[in-house]
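**Q** All chains should be built: construct the whole structure from the sequences, respecting the hints.
If you want the building blocks of each chain, they are given just below.
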Amino acid sequence: MANVSDSIYEIRYLDELSQKNSFIHKLHPLVKLIVSIFYIIITVSFGKYEILSLTPLTIYPIILFTLGDIKFFPILKRSFLVLPVVLGLGIFNPILDREPLLTFMNFAITGGWISYLSLIMKCFLTVLCALLLISTTGINNIAIALRSLLIPKIFVTQFLLTYRYISVLLEEIISIWTAYSLRAPEQKGISYKSWGPLLGQLLIRTYDRAQRIYNGMVLRGFSGEFYQDKIRFSLIDFCYLVIMIVFLLLTKLYNIPLILGNILTGV
Amino acid sequence: MSHHKIILEEVIYTYPDGKEALNNISFEVHHGESVAIIGSNGAGKSTLLLTLVGILFPSSGKITIGDVPVTKQTLSLIRQKIGFTFQNADDQLFNGSVYDDVAFGPRNYKLSESDVEKKVSKALEIVGITHLRDRPPYKLSGGEKRSVSIAAVLSMDPDILLMDEPSAALDPKSRRRLINLLLDFKHTKLITTHDLDMVLDVCDRTIVLGNGKILADGSTVDILNDEKLLDECGLEKPLSLQSCPICNKR
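Keeping their order, the protein sequence lines are chains A and B.
Reading the first sequence from the start, the letters are residues 1 to 267 in the working numbering.
Reading the second sequence from the start, the letters are residues 1 to 250 in the working numbering.
Simulated from the structure, these hints should not be mistaken for lab results.
Among the hints, erroneous ones may be present.
[Stated by the list, open to error] Straight-line distance between alpha carbons at most 25 Å, and here's what the computed PhoX-like set of lysine-lysine pairs gives:
#1 B:K110 to A:K153
#2 B:K213 to B:K237
#3 A:K26 to B:K118
#4 B:K5 to B:K173
#5 B:K186 to A:K71
#6 A:K20 to B:K118
#7 B:K139 to B:K173
#8 B:K139 to A:K77
#9 A:K153 to B:K72
#10 A:K26 to B:K110
#11 B:K139 to A:K20
#12 A:K71 to A:K122
#13 A:K71 to A:K20
#14 A:K20 to B:K19
**A** Rendered as structure tokens:
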């Protein structure tokens, strides 16, 4: 029960963060969206054994955390939520790919383990990037940015409403759960016999609720467009965009850790 | 739409399951009038309000707001002029901050951000919640949420205010503030409620609904003093019109 109510606060925590007024928050939403998409593309573009080349990509989230005045651990905790999925997806890598790639203190490390690790790193970095985008830009601004990229109205509305629907769904779950547990104090969890009716209820109730919220939006003139005075591109936005794109391209084109290592060891 | 009047002519609405929610409803609300719609649960009050803004369309009959008939083509025009507050304020608030929620309407009508800012500030001031401006709506109390939902429609400068049970779930002080607010709003008002004492304070005219039909339509004082009628409609004389239980004086 407590977990469910916590989740609501958690999902809204990102919305709250997006209301801050830091350097990153003030950047143009479109710039942040483009950099994030570019970052995700670069991250997933690395080969499955290229762990070393991935490491400079951690700099980007660190910059966002620092300049965006975002606390590290709450976001980190949320990015772990998808970890089980990736752990499950990649579990066969070490089993199928047994070719030793390198040795570390007399242990032969197989390609499978390296690719497993790189999969986890990629997942972690991309999820972190998405969470940071939401918490520094806000869902409405992302929608505006998507529209300015000429993404069709229907997809953007769908995206926005799906995001809103999550909290509606959670709220309905809480009230159903409370009502259930108050009348079934001896039980742990919900008896499987009630799953059917409760799920049905949940579906109908959230559907009704979502419909009412949509009505509320429509009655205040919502037609799928988001009008907000165009935030102007400033020189800072432009510089940020160029610097980030150049940085990401460099990480892709050059193996920065290797170069740094060579310089330091004088090879 | 210079005259903010509402005209219903023989409006019938039947729900898809066959339940007749509105049965031949006709009435006219004039510019500046303040009308209460009362009736027991399931009398058709909320359905009536929803047909006025075109969320539900009558099975037959005609609704005119100002001089414009409510049709699919005129919805945008009509909704711009009508402020509608829901029974549950939570359904109206979905943004990250009170400011964004109140600005949602004006922004949809493509006002410049400086005009939006002015309208939001004015609406927040009228309702007396300027201090909540940057708070996330889901962390507010029930009364505060209600105030935000009212500010959210006032920011659109509506000519007509439709309210579905506005005083439900309000503490006495918030309720009193709401009543004062409604008294200050000089445009046309249509309020559905069970709070008959509020009706007495705010509305000059009352329409009684029962089983989707109009059972009475007249001056609030006359209707709320008609105990027989109220009893038939599942209502009760408001406390302020009842005799004192101790000394039997009014």
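**Q** Each of the hints needs a verdict: does it hold here or not?
**A** Taking the hints in turn, this is what the structure says about them:
Simply put, K110 of chain B and K153 of chain A have alpha-carbon atoms about 17 Å apart, close enough for the 25 Å limit, and the pair holds. As the CA atoms of K213 of chain B and K237 of chain B are separated by approximately 21 Å, the hinted pair is consistent with the 25 Å bound. With a CA separation close to 22 Å, the supplied pair K26 of chain A and K118 of chain B stays within the 25 Å bound. Distance restraint check for K5 of chain B and K173 of chain B: the Cα-Cα separation of roughly 31 Å exceeds the 25 Å cut-off, and the hinted pair is therefore not satisfied.
At most 25 Å may separate the alpha-carbon atoms for a hinted pair to count; K186 of chain B and K71 of chain A exceed this at roughly 49 Å. Annotation: proposed proximity of K20 of chain A to K118 of chain B holds, straight-line Cα distance about 22 Å (limit 25 Å). Taken as a hint, the K139 of chain B and K173 of chain B pair is honoured in the structure, with Cα atoms around 20 Å apart against an allowance of 25 Å. Note on K139 of chain B and K77 of chain A: the hinted pairing holds, with a Cα-Cα distance of about 23 Å set against a maximum of 25 Å.
For a cut-off of 25 Å, the pair hint linking K153 of chain A to K72 of chain B stands: about 20 Å separates their Cα positions. For the given pair, K26 of chain A sits about 22 Å from K110 of chain B by alpha-carbon distance, which is consistent with the 25 Å threshold. Using a Cα cut-off of 25 Å, the hinted pair K139 of chain B and K20 of chain A holds, with the two alpha carbons roughly 17 Å apart. Taking the CA atoms of K71 of chain A and K122 of chain A, the gap is about 21 Å. The hint holds against a cut of 25 Å.
Among the hinted pairs, K71 of chain A with K20 of chain A is consistent with the structure: their alpha-carbon atoms are about 12 Å apart, no more than 25 Å. Simply put, K20 of chain A and K19 of chain B have alpha-carbon atoms about 50 Å apart, too far for the 25 Å limit, and the pair is violated.
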